[in-house]
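Number of protein chains: 6
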Amino acid sequence: MFHHSSKLQYPVKVDKPNPQFAMLLQQAIGGIEGEIRVAMQYFFQAMGARGDDRIRDMLMSTATEELSHIEMLGHAVALNLEGAPVSYQEETAKDPVMNAILGGANPRHLLSSGLSAMPVNANGVPFDMSHVYATGNIGADMMANVAAESGGRVLATRLYNWTDDHGMKDFLSFLIARDTYHQQQWLAIIEELGGMQAQLPIPNSTPEEHEATEHSYYYLNTLLDKDAPKGRWGEGPSLDGRSQYSIKNTPEPLGQEPSLGGAKPNSGAQTDQVDPAK
Amino acid sequence: MFHHSSKLQYPVKVDKPNPQFAMLLQQAIGGIEGEIRVAMQYFFQAMGARGDDRIRDMLMSTATEELSHIEMLGHAVALNLEGAPVSYQEETAKDPVMNAILGGANPRHLLSSGLSAMPVNANGVPFDMSHVYATGNIGADMMANVAAESGGRVLATRLYNWTDDHGMKDFLSFLIARDTYHQQQWLAIIEELGGMQAQLPIPNSTPEEHEATEHSYYYLNTLLDKDAPKGRWGEGPSLDGRSQYSIKNTPEPLGQEPSLGGAKPNSGAQTDQVDPAK
Amino acid sequence: MFHHSSKLQYPVKVDKPNPQFAMLLQQAIGGIEGEIRVAMQYFFQAMGARGDDRIRDMLMSTATEELSHIEMLGHAVALNLEGAPVSYQEETAKDPVMNAILGGANPRHLLSSGLSAMPVNANGVPFDMSHVYATGNIGADMMANVAAESGGRVLATRLYNWTDDHGMKDFLSFLIARDTYHQQQWLAIIEELGGMQAQLPIPNSTPEEHEATEHSYYYLNTLLDKDAPKGRWGEGPSLDGRSQYSIKNTPEPLGQEPSLGGAKPNSGAQTDQVDPAK
Amino acid sequence: MFHHSSKLQYPVKVDKPNPQFAMLLQQAIGGIEGEIRVAMQYFFQAMGARGDDRIRDMLMSTATEELSHIEMLGHAVALNLEGAPVSYQEETAKDPVMNAILGGANPRHLLSSGLSAMPVNANGVPFDMSHVYATGNIGADMMANVAAESGGRVLATRLYNWTDDHGMKDFLSFLIARDTYHQQQWLAIIEELGGMQAQLPIPNSTPEEHEATEHSYYYLNTLLDKDAPKGRWGEGPSLDGRSQYSIKNTPEPLGQEPSLGGAKPNSGAQTDQVDPAK
Amino acid sequence: MFHHSSKLQYPVKVDKPNPQFAMLLQQAIGGIEGEIRVAMQYFFQAMGARGDDRIRDMLMSTATEELSHIEMLGHAVALNLEGAPVSYQEETAKDPVMNAILGGANPRHLLSSGLSAMPVNANGVPFDMSHVYATGNIGADMMANVAAESGGRVLATRLYNWTDDHGMKDFLSFLIARDTYHQQQWLAIIEELGGMQAQLPIPNSTPEEHEATEHSYYYLNTLLDKDAPKGRWGEGPSLDGRSQYSIKNTPEPLGQEPSLGGAKPNSGAQTDQVDPAK
Amino acid sequence: MFHHSSKLQYPVKVDKPNPQFAMLLQQAIGGIEGEIRVAMQYFFQAMGARGDDRIRDMLMSTATEELSHIEMLGHAVALNLEGAPVSYQEETAKDPVMNAILGGANPRHLLSSGLSAMPVNANGVPFDMSHVYATGNIGADMMANVAAESGGRVLATRLYNWTDDHGMKDFLSFLIARDTYHQQQWLAIIEELGGMQAQLPIPNSTPEEHEATEHSYYYLNTLLDKDAPKGRWGEGPSLDGRSQYSIKNTPEPLGQEPSLGGAKPNSGAQTDQVDPAK
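Chains as they are written, first to last, in the UniProt record's numbering: chain A, 1 to 278; chain D, 1 to 278; chain R, 1 to 278; chain W, 1 to 278; chain E, 1 to 278; chain U, 1 to 278.
Simulated from the structure, these hints should not be mistaken for lab results.
Values in this document were obtained by computation on a predicted structure and should not be read as measured data.
It is possible that part of the hints are untrue.
Unchecked claim - Under the rule of at most 16 Å between Cα atoms (straight-line distance), these lysine to aspartate or glutamate pairs were calculated in the EDC-like manner:
(1) Lys7/D - Asp53/U
(2) Lys230/U - Asp53/E
(3) Lys226/U - Glu252/R
(4) Lys169/W - Glu208/R
(5) Lys248/U - Asp225/U
(6) Lys7/U - Glu252/E
(7) Lys7/D - Glu252/A
(8) Lys248/R - Asp227/R
(9) Lys7/D - Glu191/A
(10) Lys230/E - Glu191/U
(11) Lys169/A - Glu209/D
(12) Lys230/D - Glu191/A
(13) Lys230/D - Glu192/A
Please build the complete structure, drawing on both the sequences and the hints.
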């Protein structure tokens, strides 16, 4: 069950409202790198977390923290929209700084939300929940979480670099810090479970006899005019400790030509496609 | 530039066509764990791969391999749809095995595609390209790729477990094998670049002074009625080698109450919301 | 800032797991009538609530309650999926009850989530955040909330009618009860603000001179072969207290024929469309 | 069956074409507050209107009127795009007014539609039909319609405030007027059916014994650091006339901790998750 | 401006309601081959039809007819849902015919719409308006319309083949007939404008000097292991009358290797990617 | 099986990078008129191509060429983003040319992709695979392909007209040329199969007795205030050679009024809707 405090997790201040930055911040709310995504991803992973209950608790606890991050970002967007113009004036358009606002801001911040945050990204595209990656496999879920927090910190860094607002930089430095931890939090669970070698390949419960292992350890170079690049991926022991890596430079098709024959008479095809023998 | 051989990468045989399995296989084509996703993800990562050209070449080369996987799966779907009924008959409905087909198959395999594969998932939802994760940051991209290949191998394992068709099991054992390698291929790039410690936190180019590092190394327990679970995430040196982990069990809000005051008079709010002082 | 208790808001028990009911319950999680929608709608309305802070607090407080509803439903889905088959067997298909499961369950509960809840509706379509209606106008927001809770209680009623599981019926009777209250909670805010007459038309801050009021109070009957139905909408004082209702039975177009003339020469049109005079 | 007159319902004139306003107007066509939505919503509600045929006729009649509104808005968009530049010139970019057009207009008005309207919103996101709320319950449908018309009039008001074009203001004053009526038209049906008390809770056909009525009349305050705000929602007779409102300030979880135990061996989980006892 | 008659364009009868066929019919309402799509496509093409006003009138007139088709299909869906069960009973599940209904019907017909039509396809995926193809180029628009009507008639044929209901077959034979005409109606406009040779290539207003015409008339065979198939596409005069077709069997890349160099220091990349020289 | 050369199909040069043009080019990558769409459309049509194997080979071969087009466009986008600013500066905003970039560029090129291409359109909306039109009917598929290539060449022409960059114009002249051919390539297959008359109506395998042919050859004029426009569509032999065209100027409804009666008692309707007799 959830509860709420009326104060924000961390102070959110804006020195000089900027409607265009409000639009950019939306990426951190409703983008695929954003906070709705991680909040919901951890929440739904918790819904299906079987096995060690500590992991379920961590998933739900961090999902809860991420909800607090959406809340802070939502307030940051509203503060950046304070003072945005609600009517067009040619005078405004002639001021190049206001002009960038007119042109580069999200018009739906004015038209639809009444100068406040929306669950959309920086292009105004609503977040859709297909981006909640939750497989019921703890290994796959942890990797999805590290990926999400990596994308999140890349985004927070770019927002930090973009703005020249002191309040916003302070707030973003907090988000950057939490992403630093969260990347490692999920990797620490992998450590706790014996490390990457023990967890690979994911799922590690797939019996080896379900796998054509002669195809499990080579890099396939499909480039016609270049040899495979040399590196760790083509030589030495495999990271899962089960084999050695190699390289296949000139792959040949192993399968058949996929011909389907004629269409059925009553299947809505053109007459030319129908094979009466069928 | 791309080229094509008319044969498949690996043989695809179906012993006993099953329209319901055709529907399940769609998840491996158009699902978020599927092959369109990885093909396009590696392709677009290659489009923005700056730095080491070896990585760009690997991304494009493996994108090309994944295109061949879509092709095989597409053929597998068509083969499983051979013999599916194209008209309703109450007799058919009374046969429980056919019944499952009538009920459990994707009706659009009949209505829309004429008994062949579609770029949709097992619910018939079309793949959308927002699932192409490509940040321009090699670390974040590699983690997204490991996550994708982990989800992919979980799915292939579940499809393998579901079917009792020998041809399909052989084909899926090939996909399972390639996913085994691809998980490790992207991790091997991390190894090549100095390993996880060198790459963390992602992006590792963010200056530490842009980060509120006092918030970078603690686990935040938001559960009111339980202490944080103990484990690697709460103690010992951090995985990035920069600090020590700790736990914060009773977090207090650090920020303000987010009150916005009144609405502007001409902003389309209700009169009650308008603060004349504004 | 958000917090969490490790226990559910209300007990969730399933007497006899039913994977098909798991699929139906998804509508209450990820459907447009579902709990993700109301949780996020109240949250984002709170993000933009200007004016009376009591309303902002109520929006956030009830958003928090709705998060707890998602959590309960997520657990209900997982419990209904306990024991679902993970491999196909013709024997299974011959059992008509299992058959309904094979045919009527969501295949992604097996393939994608590992037998747990997903943020999708009963068709497996992911929830998308465009359904978060939040205008910054308290009147419009309250009406959207009453509508959402009405759809929600219709859905809960239909789920209650469908299932014969005692545990599920008990759980749904709780959701039905909370929806009863929430419908009235948002209407009570309208009462608090002077009632419907004071709030209409929404927004009530639009100056009457911005409105072609000669078109504000008649029912327009566009049916060619029937007169307008008689009733409250066509006679008596208007609900906003500003006028009287009437009926316009044979509407004539008041505007012009919308002809655009020729296309520009370099606008990518066919040559036939281009008007050289332009 | 539908018919068409070649003239518009109301005159649509543009004094000074403005491509940026064309983009803003799109919200009234393809936005969730727009005319496609209400046209289709009333149409599909009519498709499922059981009971009083007068209501079905009103739904279809007003759906038809809303189609005429899309038509007028579509023409308004095309008129605002007359004269928009179809090639980039640095000179153009240096003129700040044209600059706002270059930056703030929808590029697909040039690239995709050839300077005419599209079924998209002000961000260029296509309308999707999931926003057609039609439940088969007249009470829920009427509330959804009031909500839609409220959002619509908020939008029309904001567009009116934004533009300085006399022709556009005249046209928008007509839309504002019709929204005034349509809000009340749907509320008048509630009146006709006995008023809000008779219609609540929606659905009013749910037997009280299907409802845990001990949870039906209290406001749940989930805020940890504040008491519930006082008001109509917490005291006095309930709006449905069945009970009295109260407040629950310190809610405790009533349910269990949702632990799922181990994963099945062949379910694609990690080995650590599998409970052999299962 | 639109008007409505209260009767349907053509009689719609269902002899024996079938909830599964209701689900299949949805493809003709909300599928990409369906009637919402053509209604909206012709409508928006009319919104941007510049040049010959006869074409605009035909587009609007046929858009209006297609609205009447949605209406008939909507009624057909509701009639097929009459008598569908609203509660689960194990007895029902044991009846294989009912079983197919339980499994194969759209659960949202029960849960969401109250046994009536929805603007979704046969998978329950809502129609989205991105499928409205309207370019402002009459040639491109006519080809899109022929394509749409071809897909539509393929679908109607498949629905006709599927059902054994006399009423439904009669109704579908009407839709098949109208699609026959509409395919030819749009091709007849091409005829009226001088035929395909005059209209090709689309747009025919593109100056030849904007085109690398040395690449305009050869078939490019990208298959490595097969020569190009022989046929009309590789020999003889081009259909636009401007040249002769030929075949290029062994295409070589003409362009450069696309290397991007290093990333900018402050662009959120990994340190390894950054080229200090940049 | 697919292969790759490391060089581009055609040279891609940018003389003067322009981030706004990068955004416009996205329409040719991820727009409905773009290259992902045709690549995937031809690919999936090949997956279901029954009958003449030459057509399947052409579909796959051209799908492969279109993949090479995405690759070139992806590189063109990255080149246009070289030098885009990664931080806001008021000085920048005052330069009107840079200003257009700030306002008119896609912010996610900075925030999400790190200055490279994404699988989205010019509004930043991700491509979704529902736009892959593949019916299993060769006639319908060919028409869909001509339509796609027509829209594609309209778009390439508009991009050519927009840009003043010599490198980009050269590259676009190549795309325009290939679209010229591809339009005719698919029409040449129609020629090869006997021409349009032989292929119409699509599907030409539908038995005439499944069609209410008395409704197959008239133009239906639904305009109340205008007669049908005269032209080829209303007179002369039909294009399929089966009949003569005519015009129906004053269509009357042929069907019934669609009344559904009352709702079922336990179907979640309002009490007023329920007909106890049912």
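Quick one, are Lys7/D and Glu191/A close enough, alpha carbons at most 16 Å? Violated, at roughly 43 Å.
Please verify whether Lys226/U and Glu252/R have alpha carbons no more than 16 Å apart. holds, 15 Å
Are the Cα positions of Lys7/D and Asp53/U separated by 16 Å at most? holds, 13 Å
Below or equal to 16 Å on CA atoms is what counts here, so check Lys7/D against Glu252/A. Satisfied, since the Cα-Cα distance of roughly 9 Å is no more than 16 Å.
Do the alpha carbons of Lys248/R and Asp227/R lie within 16 Å of each other, as the hint requires? Holds, at roughly 9 Å.
Verify the proposed pairing of Lys169/W with Glu208/R, using a straight-line Cα cut of 16 Å. holds, 13 Å
Would you mind confirming whether the straight-line C-alpha gap from Lys230/D to Glu192/A stays at or under 16 Å? holds, 10 Å
Is Lys230/U close enough to Asp53/E, meaning Cα to Cα at most 16 Å? holds, 12 Å
Are Lys248/U and Asp225/U close enough, with their CA atoms no more than 16 Å apart? holds, 14 Å
Going straight from one Cα to the other, do Lys7/U and Glu252/E come out at no more than 16 Å? Cα-Cα ~9 Å, so holds.
Does Glu191/A lie within 16 Å of Lys230/D when you go C-alpha to C-alpha? holds, 13 Å
16 Å limit on alpha-carbon distance, applied to hinted pair Lys169/A and Glu209/D: Judged against 16 Å, a Cα distance of about 11 Å means the pair holds.
Of the numbered hints given earlier, the model fails hint 9 alone.
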